[in-house]
Amino acid sequence: MRNFDYAAPATLADTVKLLAGQNGRARPLAGGTDLIDHVRTGRLAPDIVVDIKQVPELNIFEFGPQSLRLGAAVPCWRVYGSDAIKADYAALADACMIIGGIQIQNRASVGGNLCNSGPAADSTPALIALGAVCVIAGAQGSREVPVEQFCTGPGKNILQPGELLVELRIPKPPANSGSHYRRFIPRNEMDIAVVGVGASVVLDAAKQTIVSGRIGLGAVAPTPLFAAAASAALAGKPATEATFRAAGEAARQSISPIDDMRGTREFRLQLTGVLVERVLTAAVERARSR
Amino acid sequence: MATTRVVTATINGRETSFLCEPRQTLLEVLRDVLDQTGTKEGCSNGNCGACTVILNGRSVVSCLVLAVECQGATIETVEGLATADHLAPIQQAFLENAALQCGICTPGFLVAATALLRENPKPTEADVRWHLAGNLCRCTGYDKIIRAVLDAADRQPAATSKT
Ligand code: FES
Ligand code: FES
Chain A
1 MRNFDYAAPA TLADTVKLLA GQNGRARPLA GGTDLIDHVR TGRLAPDIVV
51 DIKQVPELNI FEFGPQSLRL GAAVPCWRVY GSDAIKADYA ALADACMIIG
101 GIQIQNRASV GGNLCNSGPA ADSTPALIAL GAVCVIAGAQ GSREVPVEQF
151 CTGPGKNILQ PGELLVELRI PKPPANSGSH YRRFIPRNEM DIAVVGVGAS
201 VVLDAAKQTI VSGRIGLGAV APTPLFAAAA SAALAGKPAT EATFRAAGEA
251 ARQSISPIDD MRGTREFRLQ LTGVLVERVL TAAVERARSR
Chain B
1 MATTRVVTAT INGRETSFLC EPRQTLLEVL RDVLDQTGTK EGCSNGNCGA
51 CTVILNGRSV VSCLVLAVEC QGATIETVEG LATADHLAPI QQAFLENAAL
101 QCGICTPGFL VAATALLREN PKPTEADVRW HLAGNLCRCT GYDKIIRAVL
151 DAADRQPAAT SKT
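So the protein sequences, as listed, match chains A and B.
Residue numbering for the first sequence follows the numbering used here, starting at 1 and increasing by one per position.
Residue numbering for the second sequence follows the numbering used here, starting at 1 and increasing by one per position.
Quick caveat, the hints were computed from the structure, so don't treat them as lab data.
Warning: the hint list may mix true and false statements.
What the hints assert, rightly or not - In the DMTMM-like style, the derived pairs of lysine to aspartate or glutamate whose C-alpha atoms are separated by at most 25 Å in a straight line are:
#1 B:K122 x A:E285
#2 A:K86 x A:E285
#3 B:K144 x A:D191
#4 A:K207 x A:E266
#5 A:K17 x B:E119
#6 A:K53 x B:E125
#7 A:K86 x B:E125
#8 A:K86 x A:D191
Said to hold, decoys possible - FRET-style restraints, in silico, Cβ to Cβ:
#9 B:T74 x A:A13: 28 to 34 Å
#10 A:R288 x B:E15: 33 to 39 Å
#11 A:P146 x B:L95: 42 to 48 Å
#12 A:D259 x B:G72: 36 to 42 Å
#13 B:Q156 x A:Q270: 45 to 51 Å
#14 B:L95 x A:A13: 51 to 57 Å
#15 B:E15 x A:D14: 50 to 56 Å
#16 B:Q71 x A:Q140: 30 to 36 Å
Don't be surprised by glycine CBs; every beta carbon is placed ideally from N, CA and C.
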């Protein structure tokens, strides 16, 4: 592997300074499960790797009355190991449990999954469904961006040279809500989504009508998508199969999948409708059982 | 770039210092610098699990860890499983269940299984299969490996079981 310098700053201010001073030649390191492989294969050639795991802000994992604060370096095992996540942010636990094998989950972070910006990243559709906001720090100060606007293409995102994803802020879901993430893959584990779907729903007090819902889609476009029309169509509808099917149909209209080794465009179009239906069914079941 | 540095970590219970460059993975340092060749290199990209070690209590693939990240860390490798005259129960179970053929995957499976049994001393077959999904074996077809791990779990004193 090509050599690089290494730093492990203890504060966010030092981290931002280090990243900003390198004119885009620095890469942050959290779990390293993508970064180290990309440096080894030459896809990335940083002059300096900045280990962000010592920075307190990047390890924050706090459940507030308004929202969850999830530091960008918090590894997957901590996320799905948390009962509070399983209760309120179940779609995120679903995703973190199936990213790679245990050895990967013990290192890889949700923030890293997002910053790597793969179209098939498992945690991103879950974050979209849960309405996460990215908190980004840079030399110019910080800014907040809805997660569905973060990725701009395969492996690309809105981070400017020197900017760093610090945390994800996920609103606390109201009563009577539920969420789920599921992907289609040929085996049960250690694979990359052919299609991945995350959804969240809020039901009315009688738990019969959908008040609002959000659907995130993975591996069906150059970036993970927020299925805006399909999500909007859920509001005010009865939580029934017919509604889920209509949402699946609307989601299919919003995607632009490709043919690749994992599946054809035609298969992905079909699959997206089926998965949206199933994921909504499961999210509603969760909302009803709480 | 004069980037070489000294890293001190506790490896298999012994404090160990080594020199490394930032680009060197923990796997490389274990094998090439420290001569601890029990940890195997299969794919070097995180897919096969042959290089599994326990880092600060959790199993990781050492080909995707930089050695410089390990300053102050606790690392357990396959060399740390047996004592001078006794195999660890998991190793004994692998032997008795014929859970290996060529053996290249074995150190990774042993270490991953050790981490599993600490966390979950009485796993179900599904738990074992799920937990070891990141370890690949081209020879055995997995069944004997799964049986060996369940057998090792059965031999553990029941008192340590948690629900
Ligand atoms: S050598 Fe590390 S996972 Fe294969
Ligand atoms: S025994 Fe040969 S790869 Fe597992």
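Does the structure break any of the earlier hints, and which numbers would those be? Hints 1, 4, 5, 6, 10, 11, 12, 15 are the ones this structure does not satisfy, whereas the remaining hints hold.
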